[in-house]
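Once you've looked at the hints, dock chain B with the ligands against the given chain A.
Chains A and B, in that order, are what the protein sequence lines are.
The opening residue of the first sequence carries number 122 in the numbering used here; numbering runs sequentially from there.
The opening residue of the second sequence carries number 4 in the numbering used here; numbering runs sequentially from there.
To be clear, the hints were calculated from the coordinates, so they are not data collected in a lab.
Everything hinted at is true.
Stretch by stretch, here's where chain B covers chain A in the computed footprint (C-beta under 8 Å, at least three residues):
1. 193-199
2. 223-234
One-sided and incomplete, this derived list gives chain A residues near chain B with beta-carbon spacing under 10 Å:
3. Y174
4. A177
5. G178
6. L179
7. W213
8. M214
9. R254
10. A267
11. A271
12. A273
13. L274
14. L280
Here a beta-carbon is modelled for each residue, glycine too, at the ideal position from N, C-alpha and C.
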Amino acid sequence: MNPPLVICSDVGKAWQTADTPVVALEGINLGIARREFVVFLGPSGCGKSTLLYLIAGLEQATSGTIESGGARVTGPGTDRGLIFQESSLFPWMTVGENVTFGLKLQGVAALERRQVAAGLLRKVGLGDVAHKRPDQLSGGMRQRAAMARALALRPEVLLLDEPFAALDVQTRSKMQQFLVEVWRDSGASMLFVTHHIDEAVALADRVVVFTARPGRIKSVVPIDLPRPRDPRSPAFHALSDHLTDLLRDEVDRAFAEQERVR
Amino acid sequence: MRALLLAAGSGPPRQAASVQPTRMAQAVTVAGWWLLSLGLFAGMWEVAWAFGWADPLLLPPPHVFLRNFADQAQFFVSSDVVGEESSAGALRSLAMTVVASSLRVVAGLLLGFVCSVTLGLLIRYFKLLGNLTLPTITLLAPISPIAWLPVAIFIFGIGNPPAIFMVFISLFFVMTLSTISQIDSVSRTYLNVGAIMGASRRQLFLHVIIPAILPSLFMVLRMNLFGAWMVVLVAEATGVGSGLGQIVMLARNTFNSSLSFFTMTLIGVTGFLFDIALRQIQRRVLFWVPPSAVGRL
Ligand SMILES: Nc1ncnc2c1ncn2[C@@H]1O[C@H](COP(=O)(O)OP(=O)(O)O)[C@@H](O)[C@H]1O
Ligand SMILES: [Mg+2]
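Pulled out of the complex, with its shape left as it was, chain A reads as follows:
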């Protein structure tokens, strides 16, 4: 078997705050295979985003190591794309310019960039919007454009931090189906953060369940359902109930801690 694409070995992260350090993550050991779809599931504040940022190279782990494509992660790299929860398109650029921003940084000529933008936008199901401003798009379209922007650099792994959290339920389920298509034809691995159990079951090959802070891996649940998945099937329900049970204690603990802090 091939070695995993992303390897976290004993990763820990403590945020330095004014008074005491906040331990966000502890002893994370995890491998993500090529073309695998992994979902991070856990109560809010358990360190899911933190782990994603560590893998992206935007933050440094305080212990342990992270490898991507066989090389140690010390900073951001174009082999890892990141998609944020909120709209992260630059308002001062058109949608097309946003999508090819990474290529512009690499010195790709304007004409070629325009052609690439058109192709990428088509790939994410956006029609003729290259010349529009981001604020002229709906929330779902903006996230598609953000996806196109990440895909432009042909990443080996796409990191997604609750990308559909701000969308309404119908748009969200459309976007999930669509993300699976993008995943299939880009050939990239997906690392997807959510606190929605159904979203995890709908998308994942494997769901990594986190404990409340400090975040540790509580359990890893393989989702062996054929795609496309029917959220009303008994098997879907069984898995979603299982994850709910796993999460319940953690949500209670996270809640209790928030109360104590207050």
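Positioned in the frame of chain A, the structure of chain B with the ligands alone reads:
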């Protein structure tokens, strides 16, 4: 002069009309309120005059100080020597006086904006430069621009340069500090996107930080516009050269209250047109800022 006032009154509606061409009714309403507001103000003044409450020598009402255009305009001479009777081209002389003051404001603001934003960016780009200059800048910033007037005259003598310098200095420190604080508050997400897409430090400044801070900096520039007008008038009045400030001083020295109010009207209208012009520039250069945010001051 009446035409000038009318033009001022119809300024904002025209702008509103270009933002939302379908909202004609709204534009008319705005124009109506403008006329009503100005009419009320002038009307009260006229009434005070008619009943003899306002001394016509000290507080001549609008119809008096706006009446004899040629009488007033004779003081606006193109030769830069105030007080000399101008024989012909009164309108031309008046326009040249207004233009002279305006150009000083524009030159000072432009220089101030470019220099301070550049310095602010350099300070955040090169840590050492920041350490070397920030304490001094922080100390110089609260000094009132008026206190710089002697310095302006020591260094630049008489003429355009000291007036321009005064406008420049009134903007420079505020704008430098503002640039720095804007850089520090650029959205974490934008910076992260830049880093993820592989931007170098230089590219991050060029493609992310500069466009991200420009809208608020333009707002700061607009808020300093009236300050710049104040400073340029003081500089002109204190013998720096020609311009509207010089006329104000002349009116004071010759006890010409009509001329004084006439000049005040000119200054008001010019400052107002400047703000409109800046808004238009803002709308075109900073096309991504929604119009509602542009209108807010
Ligand atoms: N930049 C930061 N500085 C300090 N503490 C942080 C920072 N980012 C996150 N944290 C803390 O780390 C913990 C985990 O946060 P996060 O990774 O955002 O959780 P999640 O994404 O699972 O909701 C939280 O307690 C949060 O307050
Ligand atoms: Mg999060």
